Amino acid sequence: MNPLDIAYGAAGAWFAAAVVGLLAGSWRPGLRACCGLSALAGAAAATAGGWSLIYGNTHVVAPGTATIVGGPVQLQLTSLAGVFVALLGVVAVALACYAPRYHEPSRGTGIYLAALNLALLACLGVLAAGGMVTFLVAWETMSLTCYLLILRHPRSGETARGAFWFLALSEIGFLLVVAAFVILSAKTNATELDVIASRAHLVSGGWRAAAYLLALTGFGFKAGLVPLHVWLPEAHPVAPADGSAFLSGVIVNLGAYGIALFAFRLAPVGGSWPGLVTMGAGALTAAIGILYALAERDIKRFLAYSTIENIGIIVTALGAAMIFHAYRQPALAAFLLIAGLYHVANHGCYKTLLFLEAGVVEHATGTRDMDRLGGLVHRLPRSAVIAFIGTLGIAALPPLNGFVSEWLIFQGLFQGFRTGSHLIAILIVLAAAMLGLTGGLAIYAFVRGFGIPYLGMPRTRQAAAARETGQPIAGPALLAVACVALAVGAPVMLAALSRAARTVTGVALGRLLLPGKLTVIPAHTDFSAFSPTYLAVFLAAACAVPLLIYLAGRPRAASVSVPVWDGGIVSFRPRMQYSAMTFSAPTRVTFDALYRPAVSIRRASDDDPAGRSGPVHYEAQVTPVFERYLYRPVIRAVEWLADAIRPLQSGDVNLYLLYVFAVILLAYLLGAV
Amino acid sequence: MTAVQPYAAATSEQLVRQLADLGSLEVGDGAATRGAVTVRMPPETLEAATHVIAGTPGVRLADMFAANDGDAATLRLVWALDSGYLLTEAEIEGDQYPPLSDITPAAFVEECEIYEQFGIRPETGKPLNRLMLPPHAGPDFPRLGHRPAQPPEEVHAPHTVGGQAFEFPFGPVRQVGVESLYYGLVTSGEEIVDVYLFTWHKHRGMEWRLRGQTLPEAMFLAERVEGLSAVAVGWAFAAAAEAALGIAPPPAAARTRAVALELERLYNHAAAMAALCQATGLTVGQSAAEIALERLLRVNATAFGHRYLFGVVEPGGATRAPDAAVLQRDLPAAYGELRRAADALLNTNSFMDRLEACGILTAEQARRLGLVGPVARATGLAADTRLNGSHPRSGPAGGGPYAEHPVTVITAADGDVLARFQVMLGEAAESVRLIGTFLDAGAAAERTPLPVKGDGEAGGGHGLGWAESSRGEVLAWVALDEDGRIARARLRPGSVRNWRGFDDACRSQNVFTDIPIIEASFWLTAAGMAR
Amino acid sequence: MPLWSVRGLRRGVVTTRYPAKPDQSAAALPTPPAFRPRELTRQDADRMIAVCPRAALRRREDVLIFDVGACAACGRCAGVAPHAVTASGEFELATTTRSALIKEIPILGDQR
Amino acid sequence: MNPASEPDQPGQAVGPASQDAAEAARKLRDMIAKQFGRSLHIRTLDTGSCAVCEQEIRLLSAPHYDLQRLGFFFTPAPRHADLLLVTGPMVRAFDVAARKTYEAMPGPKVVVATGACALGGVYPKDAFVHGDVGEVLPVDVWIPGCPPSPLALLYGLSVAVGRLAEKAPGLTFLAEDDPEGGEQ
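Residue numbers (the working numbering), protein chains in the order written: chain S, 1 to 673; chain A, 1001 to 1531; chain H, 2001 to 2112; chain D, 3001 to 3184.
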């Protein structure tokens, strides 16, 4: 059976879910039904994606004579897209499990869930598009529905602002993508993706390069490549938890899909420079993303920046793969592509998980400010465990999935010397170094991101009053399981991904990658090897042994438990523990060239010299460099332009007739030439 | 070392003349404090008078305290001029007085203390700090005067830390062999934003205990107010008592006290040096300094029979004479150790780099906060009560040991830890020189007999006394009742003033690891602060 | 940067051998008084008790009760009755039983 | 003066606590002898001293005395401490801190009252101070002196771990040159 057929089922179910949500969203059973359908669709999509990895690319089909904006609806499910489809399915199931407990049934919720399911449908459309028009329409639909998602609570100006950033940048990106497609289809006079791909070599290198760069930029807006990333930290905090989880877990990854699509199928460019550009952009994005994450105290903004970092890692891998492709190293190219896709899957899982848990925390405490939380591990134990798994994953610590994919990426980059060009080798190693820095900072950032909200003493009354009853658990739990599975089941995953990579690069890496059953070798036998499965098992055992010993052995001496040693202070107060911002102060000081913090101190001793002690307030505001120095000028320019052309709109009919006349005249003249 | 900046320019006569314009003043009447020019004024002129005095260039508020005569409390302000002390006193009706700390910030610490002890506070309802009374001190907790009207939470400003900073709690139980004290370092993770200093842990009610005691009993406690400057506090207290009784120690006994005082300064500076090495993690230097320290203490023991020179000073004279031979034999060797260690330290960059530009205080700050001792002198102010003419006179004729053998005051300009260190080293050398001259002039264990009851003289009197400890000026004010017992004794070690400068020094652009260094360079005691 | 290690070697060892061997610096330490019962009269005892800054001395009939723990070795008792008091020279006074520090001194001076 | 402060009480004032404390001290001595070899870790606690006892304690680690050579070490964390060296008259404002410090120490633990203040020699019991460390903590060893010199402290520590026999019970404080000296 054709995976595309299963995808039809998923699409249908999502459409049905959207309808149900729209009609019965304000009614709890309706809400549940909507989510149930959505989950069903997710499961179907996951199956379709997984199946398509094994099945390979399907043929392009045009169901009936359905046309859309003048173009035929062309559908196709490729193995490359299959990875994303499977991820989409898993995320959809998690969101569906999460929503019923997170949302109160209401009209707004109904509309919101309808939009969410349509967005999922649109994403499936993007991934299953076999033709240019289908792709673009699905892509635009996705953007618009996501805009609705972000506008769930349109009352606050924050929300409007975040949603606007998202829409504006999406539209700019969309135009660029359209341009890229138009170039290709014009040069190959085809609209079917397969045909474009097959005729791509006929297009001159310059046009291909132009198309690729347009696509890179266009999709970069979605993926959040620096400096095109500004919408993420604005849109994520204002969207509902599952909405922002969807944005980070799926939408952003689709940007990566688009880049991969152009880089490896539609417009494979000769020469190594596009790869270098991509890789450079990726490495830069990763480093800057995590650095800004360290300066955030709002959990969701923090996670949004960490998304930027992860996309950076993925794009770096893709770029390196392109370079190796250009240097006739198909094995390594395929390997890095696989690693990149693996990271896509991982990021989709743990980032969705963390956003959902952020939602749980906000739900339970009413705040997203890390410095107003603390001690939640005692109040939300199950959520804390789930969040901890996600944190281990995203911090790329063994034995979890983040470690596997990042290890693969590093192993790929370290083999830069195989390109034979010293310059390229050095540049690739530099990128690896950037990722190294990123990885280190990421661990630092997520020690903070987990430790401050979950450990220690509650910093506010709300945090102390947090309870777990009524909090959604199943969705995040599912993703936690997925994270573990992606780590332990790495060989299976790699085998599947290598099939996907084959359809793109034409290299069968399976044997080379997995000589043994469970051991992974990075493309070249003489380089290195490691087995995520054994590692996971071993680490688990290593933790279990002392536990067993402890459980087995009787405690000999009677142990007394006394409070933490606090220097004999009369009362130890929450204000005396590390806060999120003080924890990351060392980086703020080290990188203040980037942050340009504006420090403001208010203390009792400032205004009277007598030495009266009193309240102290310290703020270090990080300058939003890109908004201020890149976007604001553009916005001003646009406004200026608008003012400049306003006189044309005089409202005088005769004047408008004159315009018409002039245009027709111009047309004639051009026709005559 | 810079040129000596006179701390106070004006003389008491000029000031008194200026004050006379303000109206009804009694200058130095019968009940006046001996040992200082006393100006008694009605409370309404207090504010104006304070404006005049504080406005005079370089006059420093040395101390402020209250005493209960009958029901009303009398407020006394001690002003340090370079020719001596000026004491302004005013009786306060009710429980409020003009806000003096707005005129001269140095008064703030005492305002807090007076509120805790007597329940009277400045009219401006500004919050006060908790200084001495522990939080558990109830309404019936023993005090010198009436208990405060308002409960503490209405008086003390809340300690809240907002924004991107947190309070790093430090103490009260701190490193090994360090006194109990709490400070909360408010930090952004790197630099120190603010410091909360709590000094009430060691409050032992010394001034409360002294009431009703005989002078010898009181002497025993006075030495234990701040054991590391037992001689200085003892001398100040004895001098105050002597002034109250109108007697003076014999010159030879005064020289004995001076020898002990300089020995005390020597070992304290050695100890401060050791502490600096410990704070900078230079263990070898610490050992070298501690060898010198131990040898100096042994010199004390052999010369005076006590490692910390307890029991040397007594009201009217000195109990023990220094063993001149021992001193001339052992002191140079012990000081040699100190000198060699110091030279080695001055050549150790890893050490000097930590000291430079760390914990900076400006001369302006020092003047404003009335800082004393090496801390003030390191900012360029020549604040030294040993300066000619301003040390307790021994006998109506004699000008006191420091008048006969003037001290060269050591100052430095930068006001950072290094400057303090250099001042200490200079003073150590100066102390050795002075000890030599005092011994040559002859030091003995003589004493002027205290007038016994019925002598007429024994009748109650007030006396002000002071001495220059290694931490700076120690002030004592004693009021005796008819039968020679203590009605009210005020003891103010140098630590009280300089702890006030400590948090300012910490705030001046420092990171975490500088704080121990700054504390070592101040070399203060919590015991002296809390009393 | 001076050679601290060389300096230290040249400085030599200053560490005491105590408690293995006695330390002569102990001779200069202030120590609690020792009494001459024969020279000690009730009157002396009362004068000493009067000057003792903090009840280390009390008298029960013909016995002077001396709390060594409370004694600060200030030497004031020796000041008022030099004939009956000398320095004991004892500094190794640490004990695990507080009561072991409370001594009874017979007052025999009046019986002559 | 307050009769309760007469300094022959503390023997009882410590009360039953001193029994098991003595027990603990004995245990600790055995342990030091058997298990830890020669390693005893000391935490100091200032409960209102005049700062001189602290100076003497600091000097214990100075070259002249060097207490490490005897297997004693200072530790800033009571968690690692076997012995608590208490100075000062036990200011009441310090009750919480003293209790916390003592509780933070793992058993068996030894408490050593250091200096005349800690033995009730300087301050009477009143609203400010307990006047005697024994009032609050189960004291195992008392070290007299104002201040106790480093040598006296070394002796006291050795007594605390049973390395030296205490001679205080045997002392008479009768001058040798007195004919009656022999009798006591």
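Derived by calculation from the structure, the hints in this document are not laboratory data.
Since we're looking at a predicted model, the values are computed, not measured.
Note that CB positions come from ideal geometry on N, CA and C, so glycine has one too.
Any given hint could turn out to be false.
So, partial list: chain D residues that the calculated Cβ filter (under 8 Å) puts toward chain A [as the list claims (entries may be wrong)]:
| hint | residue |
| --- | --- |
| 1 | Ser3049 |
| 2 | Arg3058 |
| 3 | Leu3059 |
| 4 | Pro3089 |
Return the numbers of the hints above that this structure violates; sort them in rising order.
-> Nothing - there is no hint that the structure violates, so all of them hold.
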